[in-house]
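Q: Letter by letter, the chains look like this.
Protein chains: 4
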Amino acid sequence: MNRRVCVVITARPSYSRIRSALQAIKDRGDIDLQIIVAGSALLDRYGQVIDQIEQDGFNIDARVYMVLEGENPTSMAKTTGIGMLELSTTFGNLSPDLVVTIADRHETLATATAAAFMNIPLAHVQGGEVSGSIDEKVRHAVTKLADLHLTATRLARERVIRMGEDPEVVHACGCPSIDLAAEILRNPALDFDPIDRYGGVGGVVDPTAEYIVVMQHPVTTEYPTARAHVEETLHAVVEAGIPAYWFWPNVDAGSDGTSRGIRAFRESHDPRVIRFFKNMSPTDFLRVLVNGRAIVGNSSVAIREASFLGTPAVNIGSRQEGRERGQNVLDVGYDREEIRSGIEKQAGRGRLDSDDLYGDGMAGPRIAELLATSPLSVEKKLSF
Amino acid sequence: MNRRVCVVITARPSYSRIRSALQAIKDRGDIDLQIIVAGSALLDRYGQVIDQIEQDGFNIDARVYMVLEGENPTSMAKTTGIGMLELSTTFGNLSPDLVVTIADRHETLATATAAAFMNIPLAHVQGGEVSGSIDEKVRHAVTKLADLHLTATRLARERVIRMGEDPEVVHACGCPSIDLAAEILRNPALDFDPIDRYGGVGGVVDPTAEYIVVMQHPVTTEYPTARAHVEETLHAVVEAGIPAYWFWPNVDAGSDGTSRGIRAFRESHDPRVIRFFKNMSPTDFLRVLVNGRAIVGNSSVAIREASFLGTPAVNIGSRQEGRERGQNVLDVGYDREEIRSGIEKQAGRGRLDSDDLYGDGMAGPRIAELLATSPLSVEKKLSF
Amino acid sequence: MNRRVCVVITARPSYSRIRSALQAIKDRGDIDLQIIVAGSALLDRYGQVIDQIEQDGFNIDARVYMVLEGENPTSMAKTTGIGMLELSTTFGNLSPDLVVTIADRHETLATATAAAFMNIPLAHVQGGEVSGSIDEKVRHAVTKLADLHLTATRLARERVIRMGEDPEVVHACGCPSIDLAAEILRNPALDFDPIDRYGGVGGVVDPTAEYIVVMQHPVTTEYPTARAHVEETLHAVVEAGIPAYWFWPNVDAGSDGTSRGIRAFRESHDPRVIRFFKNMSPTDFLRVLVNGRAIVGNSSVAIREASFLGTPAVNIGSRQEGRERGQNVLDVGYDREEIRSGIEKQAGRGRLDSDDLYGDGMAGPRIAELLATSPLSVEKKLSF
Amino acid sequence: MNRRVCVVITARPSYSRIRSALQAIKDRGDIDLQIIVAGSALLDRYGQVIDQIEQDGFNIDARVYMVLEGENPTSMAKTTGIGMLELSTTFGNLSPDLVVTIADRHETLATATAAAFMNIPLAHVQGGEVSGSIDEKVRHAVTKLADLHLTATRLARERVIRMGEDPEVVHACGCPSIDLAAEILRNPALDFDPIDRYGGVGGVVDPTAEYIVVMQHPVTTEYPTARAHVEETLHAVVEAGIPAYWFWPNVDAGSDGTSRGIRAFRESHDPRVIRFFKNMSPTDFLRVLVNGRAIVGNSSVAIREASFLGTPAVNIGSRQEGRERGQNVLDVGYDREEIRSGIEKQAGRGRLDSDDLYGDGMAGPRIAELLATSPLSVEKKLSF
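Chains as they are written, first to last, in my numbering: chain F, 1 to 384; chain B, 1 to 384; chain P, 1 to 384; chain E, 1 to 384.
Treat the hints as calculated values from the structure; they're not laboratory data.
Using N, Cα and C, we set each Cβ at its ideal position, and we do this for glycine too.
Be a bit skeptical, because a hint or two may be false.
Claimed, not checked - Just a few of them, taken from the derived set where beta-carbon distance is under 10 Å, the chain E residues facing chain P:
#, residue
1, Ala77
2, Thr80
3, Ala114
4, Ala116
5, Phe117
6, Asn119
7, Ala141
8, Glu158
9, Met163
10, Asp166
11, Val204
12, Gly322
13, Phe384
Isolated chain F, as found in the complex (with noise of 0.2 Å):
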């Protein structure tokens, strides 16, 4: 009988992070895989990447609704209990022989535990990172309540041991979000125009021009200030002139300090230079990236996708803190001052080359392969 993999995705980077693996995972024919999509990734207002996932042609086999409205620390506690709740239902339900977890966002936590505490075993992707914010305590807590660790770096694997999980069982293997990238790359043409083909609201930008990236986030343990820190970012993009596409933050705790930011200042600035998306399809996204002068903001495509396909980053706050990063990327604070000047410097720099810090555009085949090979136990011991 084939092994049933069951992986959870929460969130739309979630999916980019593991697309390619479901991939590989389709073409091998040797897994059962089982898809729940769960939280933000169900909501209509974050962008359906539900849809995305259809149309590349894999099965839906849950949709776990979890999000507990509210955006602010309490509501993201209680929606990672209803998760526990829903998702231990679910896999009761599925009987996975293997539950996959994709990162670090606070949902991740209940994957984690229910598979855990079910004794069934667990695969996370993505552990061994260091960044900013709850996302780190996250991170490493489901490391040590996982049972195979697929890491995107080699220094990510080697942080994983050293926490104290036995070598054998922790994988270097690059992220899949490259893999994508690498497609990209291969022929990197812009075929299409944005606004035609996903509307977006504000100013036209016309892609055949100099153009930039926004992604801008919030940072849970800064909640109260999101609102300041985004306005920080659009008056330096404003101020800078290149025309931007920008593209709409995640449901967080703060998120509504983010969109509100965003809000008001449309109806106060009505900034032309800057067109706002919710959502775009991976591949899509990273054409845009590819070609765009430079990208800007707080989002880990800027440190990973964006290194290996040469696009200079400005990178801003705390939210990427301590990740690994390539050349690409120039820090600069809440400070609308340094965000405009940082811009103006990389957009200034050209493609750069590629970096393959990320992985080399194989991790999808990698994972598939020891998600199918790799023995299954629920059963570890500190190593020290």
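Assemble chains B, P and E onto chain F, guided by the hints.
A: Below, chains B, P and E without anything else, positioned relative to chain F:
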């Protein structure tokens, strides 16, 4: 304004591992102590630890019902989810400056996650130990969510630091349970008859003659075999022939198996050499323990308190695997013959020298001092 | 395609009030029967009704754990809330065309609300009755959420219609529990010894001599007095001196009070005239009942099955207040003297004529027919 | 000691239906008023009714987050389940003597069930009305859980009594929303520009010229068609050509359909005759309403406040089916042509005479008196 320190107690053993620290906090007068009693600590059929807490003069700020009936792995996951829903509300009401969670039961993950997600600094008592079963995962996951670590042993401190925690926030304090043991050891006479004071059911066991103490908990990753395991111990105790005081297990996945095994054995064998108790005050329990010939089962009491008290122990099976142990412990398998011969061997050794592996009797004041004065932060980052 | 009818069973008595209808559904073959076992029906310590269901040849489609420990009014509310979370997932998985909820326990409100909010037509078995306590509120609230009403008596049908339900969707069917009683009455000999078959604890009660049957449940609005109430009954039974088979109460707010009262009385009085059982198959129970001199307590069995079987009943206190009753019932207060004299009086009457107030023995096929063929809709409106 | 009366407000319209009673309670001084704000009343994207409550000088005792994202029937059921978990905790903290629930949204069933199961007397404001959709079931189920009934109309009182409630506990009080309307009617001049005060988005609508008001909610049993329905109204309003102030719908299953419909229409048609608002203070809203030519949509405001104010109404579709209505209402189907002609007809009638069907302007003091002085009990029984 005094610092508000909120201690969450979810089970009987947790209380004995924090009690002297609570007393020391009260004695200092510079901390506003908040106590939440939750989980199985509230349930009548497992002995009302809550009555004990009130009798000890502590005020209970909130009672949190969270145990979902069923006693299987799924209900354990759901119990933790419910705990997150309920505890986040309670933390919202009490607005603590610092939350304290104790040891490694599954509910501690609810406490830790709720505090972490609400950006409340978290202190973890008794991290860094190594054991079998799900406790192992829970304990280290809580470490990765915690901001202040108060370990029982020096080796445990080392392990927490090796997992990447900042040495400045990791302190070896000893285990508060040893503080009580130290008190008892200063005057160890057994001055009461357990049956007179606590009733219990089963045979009449004379405390002035030779007796042993038994405590056996279900092991969650060995859930279906809980009943078979306890039957081995029951047969061994009857065959060894030394009268026994037997203490009922905690609520847990599988405890119904253990409980059923005990009940069925009682019906069929009517073991006159065993007296069964649901609960006892910690003081009385330790007094019974120090005067016993040996402690048998898989309780951590055999490893900690018994090593300080000098009571020989027969430790059965995998539950305490990996925990540091002193000279008082003999390990055996789930086999009635091994257990019986272990009982006979250990019961013949007499009281041993006190071992300070798990503390010197001053853990309570040391913990109170750290809770009162440590700098508080929710920001941390892997130190390698 | 067959209609999918999903029956939710949350407690032991619910099963006896639907069993013959389930059998009739199975016999018809034109309904896809789905059975969800939930709530206390899943709990080991209240007798595994689930085993009975499977032994009767029914397939269980889902098990829903929802009972939050605590057994107080708050945990009863939370249990219902958890039930709504869990049952809505389960209904989503099973996609029934019609949900069936039985009688008036608090969990039935979870079933009813989840079905109503999910726009699934709801059938309610045994609405329109009148009783004391919270059951009264639950029963009529469920009526207002239900789309199809299958009452036990003609008077109950009248009441449901008077509450504003469309007479076309309200049908007096009789109570399925009477179907089993009718079967027993065709051959009423007691052909087994209850102690041989079920064990139980307490005195040895001879089934071939005179005996009574006792069943006393806590009354939820009289929660703190549950223990005092059961003690009156215990004393009365001992004083009456007729040996008794006593059946343990359901899990409910207060049942710990009742249970504790029984346990404490057993310890202190060791009543040799009483044998305590946790559970019995419905068939065996009715056979015991029809051969008893009387049934004592506050169970609805005394009102329904006993009136059909002709067994005299001593009904204590407020729990059955308002329910239609036949000639077999004598009502008394929570007073040991009144209860004792009631027992003596009723036990002297001998077996009475069968009364068809609660059904003629054909309720099951009648209910199955309506579930199979009634038009289904979720739209309704007060008819006045 | 003052009676503790706890009012649970779960949505914007609930507040307008209790506000004058809260004021009257405050003015009396013999009630300890407790206010819980819960559900969509807490959510930013539906207009912060909580700010309004605080601006009105009321103290909020607890905030209860309970809305599970998803906006489909399953998440509505789960939201109610979460509400029961959270509200039972909150009732436990606040220990009210009486809980007040308002009207018929799905969350009111959470309030009612939690109070009933915790043996807290429950008052229900605005029972006995008749409408379409799930509200109908919820409203009457709450009636059966409630102990005190404060209806808006005499006919509603009659209906509650006919459903079997004791006439002594059923009082026709009028609707508090009419109290505010009465105040406005004493001085109806529109003394502000809605756009100046509330912003909003869309066209510039001049309040000194002719305008209409639109409010359209999704109908939960017609969930998939919400978007199509709102599009008919959008087209009708544009075609009618009278400028409109349009108010955004509540959060509910389907509101995303309604919201999406509005958003898509705005993008494609850019309707300059419509100004969209998320929220407005009740006073300002009524002032806008009384000066409008007509109100269009399916809000109950058109039936209640507008009949008292004399504003003609075009009521679309099934949502208000069964509600008592005055001479101001014209009913039309979901058809742009019917709606357009209805708008034209009603907008030509001018302001009508005030109708006291839903109250005489003294409902608040009447309700406050009953909450202060009615005997309290949780025991009730069907009176037939």
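Q: Run every hint past the structure and note whether it holds.
A: Outcome of the hint check:
| no. | hint | in the structure |
| --- | --- | --- |
| 1 | Ala77 | holds (4 Å) |
| 2 | Thr80 | holds (6 Å) |
| 3 | Ala114 | holds (5 Å) |
| 4 | Ala116 | holds (5 Å) |
| 5 | Phe117 | holds (4 Å) |
| 6 | Asn119 | holds (6 Å) |
| 7 | Ala141 | holds (4 Å) |
| 8 | Glu158 | holds (8 Å) |
| 9 | Met163 | holds (5 Å) |
| 10 | Asp166 | violated (13 Å) |
| 11 | Val204 | violated (41 Å) |
| 12 | Gly322 | holds (5 Å) |
| 13 | Phe384 | holds (6 Å) |
The structure does not agree with the numbered hints 10, 11 stated previously, though it agrees with the rest.
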